[in-house]
Amino acid sequence: MPGPPRPSRILSDRTTREKGGKRVGLRSHPLPIDMLLRLEGITKRFGSLVANDHIDLEIEKGEIHALLGENGAGKSTLMNILYGLYTPDEGRIFWKGNEVKIRNPRHAIDLGIGMVHQHFMLVPVFTVAENITLGKEVAKHHILDMQEARRQVRELSNRFGLEVDPDDKIESISVGLQQRVEILKALYRGAELLILDEPTAVLTPQEVEELGKIMKRLVAEGHTIIIITHKLKEVLHLADRVTVIRRGKKITTLPAAGQSEDDLARLMVGREVTLKVDKQPAQPGDVVLEVEHLHAKNDRGVPAVRDVSFKVRAGEIVGIAGVDGNGQSELVGCLTGLRRPTAGRVRVNGQDVTGQSPRRIRDAGVGHIPEDRQRRGLVLNFTVAENAALGNHNAFARWGVLSYQRMVEAAKKIIGEFDVRPPRHDYLARSLSGGNQQKVIVGREILRNPKLMIAVQPTRGLDVGAIEFIHRNLVAERDAGRAVLLVSLELDEIMNLADRILVMYKGQVVAEVAAHEATEENLGLLMMGGGTGA
Amino acid sequence: MEWLRDGVRAVAVPVLATLVGLLVGIVCIVIAGKDPVLAAKAFYRAVAGEPRMFGNVLVSTTPLIFTGLAVAFAYRAGLFNIGVEGQYLMAQIATVVAGVYWTPPAGLAWLHPIVALAAGALAGAIWGGLVGILKAWKGIHEVINSIMLNWIALFTCDWLLKYYLRPDNSRASTYDLQPTAWLKQGLIEGSRLHTGIFVALATVVVVWFILFKTPLGYEIRAVGFSSGAAEYGGISVARALILTMAISGAIAGLAGSVQTMGLNHRFNETSALVGYGFDGIAVALVGRLHPVGVVLAALLFGALDASSGLMQAMAGVPKSVVSIVQAAVIFFVAAEGLWSFLQKRRTKKEVTTA
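If you read the sequences in order, they're chains A and B. One point on numbering: in the numbering used here, the residue at position 512 of the first sequence is 512, and numbering is uninterrupted. One point on numbering: in the numbering used here, the residue at position 225 of the second sequence is 1225, and numbering is uninterrupted.
What the hints contain is simulated information worked out from the structure, not anything from laboratory work. Do not rely on the hints blindly, as some may be mistaken.
When the alpha-carbon atoms are kept at most 30 Å apart in a straight line, the in silico DSS-like pairs for lysine-lysine are as follows [stated by the list, open to error]:
| # | chain 1 | residue 1 | chain 2 | residue 2 |
| --- | --- | --- | --- | --- |
| 1 | B | K1138 | A | K169 |
| 2 | B | K1034 | A | K297 |
| 3 | B | K1213 | A | K412 |
| 4 | A | K233 | A | K216 |
| 5 | A | K506 | A | K451 |
| 6 | B | K1138 | A | K413 |
| 7 | A | K297 | A | K61 |
| 8 | A | K136 | A | K169 |
Quick caveat: nothing in here was measured; it's all calculated off a predicted structure.
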């Protein structure tokens, strides 16, 4: 049983706590000292679902340990148990050798376990320093000492090369920096073990690179990191060891070095997975989408799309590559009616749809898999059946009365053909996992038989199995003679699927590359503006 | 069966909240040094002692059904219609105009109540729609502009009454409606219950139908849950907001029309907002924004309202204690909302992380 939670201080007295921990550890357990954490037979059930099934896990001090598994495999549940958000039904947790029952996140933090969630928990209008010290404010005579707080934050930031300015407001800094603030928050509270939940899901490739460096630095300074992920590349790139979890069970723990993506994918999914999509050369037909000299501004009124022109033909996939924030979202907004272009023309099948409403553009035969499935693609508080009608609900009405029966039929079709699990049309969309939410959207848009499919980040945050599935469907769309415009931040995805690749940089299409000529290097260079002079 | 469990909880929670609220009321009565048993007897007599008593409960219930529906309807689109008061007043004036100055052709007297109701609904729709237009067009928050429109309505009505609609300067009310425009009383002997209750129940059905059976209702609910997804789905958010407020205003307007046509038969000078609109917010919340729930909640509030007189006379319970009970019920329902919000967050986390 744990003693009363020790008051956690900032980093300066981390060492004393470590010593205390080791002393107790040595007395009660003959474990090697470098075993920081051990989970034994952790089991957690939610109703009939066994989220964690007797999972054993050992974390060594100073390692980066990847927890790899598909969405819904139970890795987040396991970490939430470790962070005190859930109580396990069975199993034991040993922290530095002595058994602990982690009652709540507060307790976890006091032990030295910090977690950075996928969705950040920051106050947008507060500064970095205010956010970091929130709940553990530095006070002198009951008066906030922000001067001191800023100093501490700056010192911490410098020590780990995080490069955040304590005075910046959260709302004005990038997502990558916000993540660093979350990391700092955990460090500030004395975390020795950092749990990062899908840390790269929201980052650009450059930011991922930066995060990797930060993680190495943290480990070098004596911290230990667990990253929850389903991205194979990251595991190979970042982790020392990897534990694979599948359907609530631990499959294995391996050193990351020497593994291949295919091996890990097989372990994770439990069957052979093809990461490369098999496809025949495209056979482009008539022009379906024609964009001419398009200009648009972003939400802040700054020009974001500048003189963009391109065509997409039936039977081809055109990919738009680029670092996030180079005008892709605004371009898609103009093509789908969610944003008004300031100049230029958009034609679909010869029909001018420039500046038309989303409904008109849909009616012109455009399907849209949106970037943000939770904010755009689905009404989360609608059932799957109701969501099956989104974008086309008037077609489900007869004599002005909505037919739920027909919505249910449409939903069943989507569920059947796109393998939505659980196969329930009466569940709220909210209750589905991200991958299954995406399947509902993809299914809905494909089954509507659009002439042009605009797919934006169609596999963001999805696991390997779902990615493979969606990729195959997009290629099938192409082969069925539809035009596909694919916008993605994942170079792999673009290179895998697209027949032609357009690179966007600072609102312009700076290059067009045929798929067979594209390499990660030349695209990467173009994405950083390296090709503008050419 | 998840839906069954949800259904049971949807009903059980407000019922429990009501019971706890009543308990608080009993405690208050004891603290006030009155006899709670006697008070309960008084309440029972006032509600169900005689048919005419129950009739009076329904008289109090009728406007609350409308105003509760109006608030609940707007809420479905994510709009907080705090302007029911103003819509109610504007509708009363419109109904007075239609009921006093228009005489139906011979043989078509049955048209008169319909026209008077329609006039009220239209006035309410315009007053509510204005709020929607301001919101959709300029993004002005509906709470701000509907509160201001309440006061504009109050003084507009006062001005119209004083300068145009009263027979002479000594009277504090308009001309009476022509009897053809009245909603008949006498459904229950000895009570003022009028046919407005049927208009209210019909409105419940219509609102339910619009919300859950029409494309418009789909759009309204989609906008209420996620305007981003609605926009993506080709739904005009502006149109949905304006229509929602107009319909909500029309429902609120019907409350005013029905009160005028069924009870007063004229518009009386008033220097303050009548309060049905604000009660409507409570009714909508306690009724959990569902048309059927609104009816039940209106009944509860109507009963509390109608019984306060007798409770005071028989058991010496001050009227303010009745208000405390109302407030306690709202409080516990709202607290439950908080509770289920937390519960949902927890289950959501479990589902997404499982």
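Each hint, compared with the structure:
Between K1138 of chain B and K169 of chain A, the direct Cα distance comes to roughly 28 Å. Compliance with the 30 Å bound is thereby established for this hinted pair. For the hint pairing K1034 of chain B with K297 of chain A, the CA-to-CA distance comes to about 69 Å; that exceeds 30 Å, so the pair is violated. Under the criterion of a C-alpha separation no larger than 30 Å, the hint pairing K1213 of chain B with K412 of chain A is consistent with the structure, at around 20 Å. Between K233 of chain A and K216 of chain A, the direct Cα distance comes to roughly 16 Å. Compliance with the 30 Å bound is thereby established for this hinted pair.
Restraint check for K506 of chain A and K451 of chain A: the C-alpha separation of about 29 Å stays at or below 30 Å, so the hint holds. For the hint linking K1138 of chain B to K413 of chain A, the alpha-carbon distance of about 41 Å lies beyond 30 Å, and the restraint is violated. Pair hint K297 of chain A plus K61 of chain A does not hold up; C-alpha atoms about 49 Å apart against a cutoff of 30 Å. Of the supplied pair hints, the one linking K136 of chain A and K169 of chain A holds, its CA atoms being roughly 19 Å apart against a limit of 30 Å.
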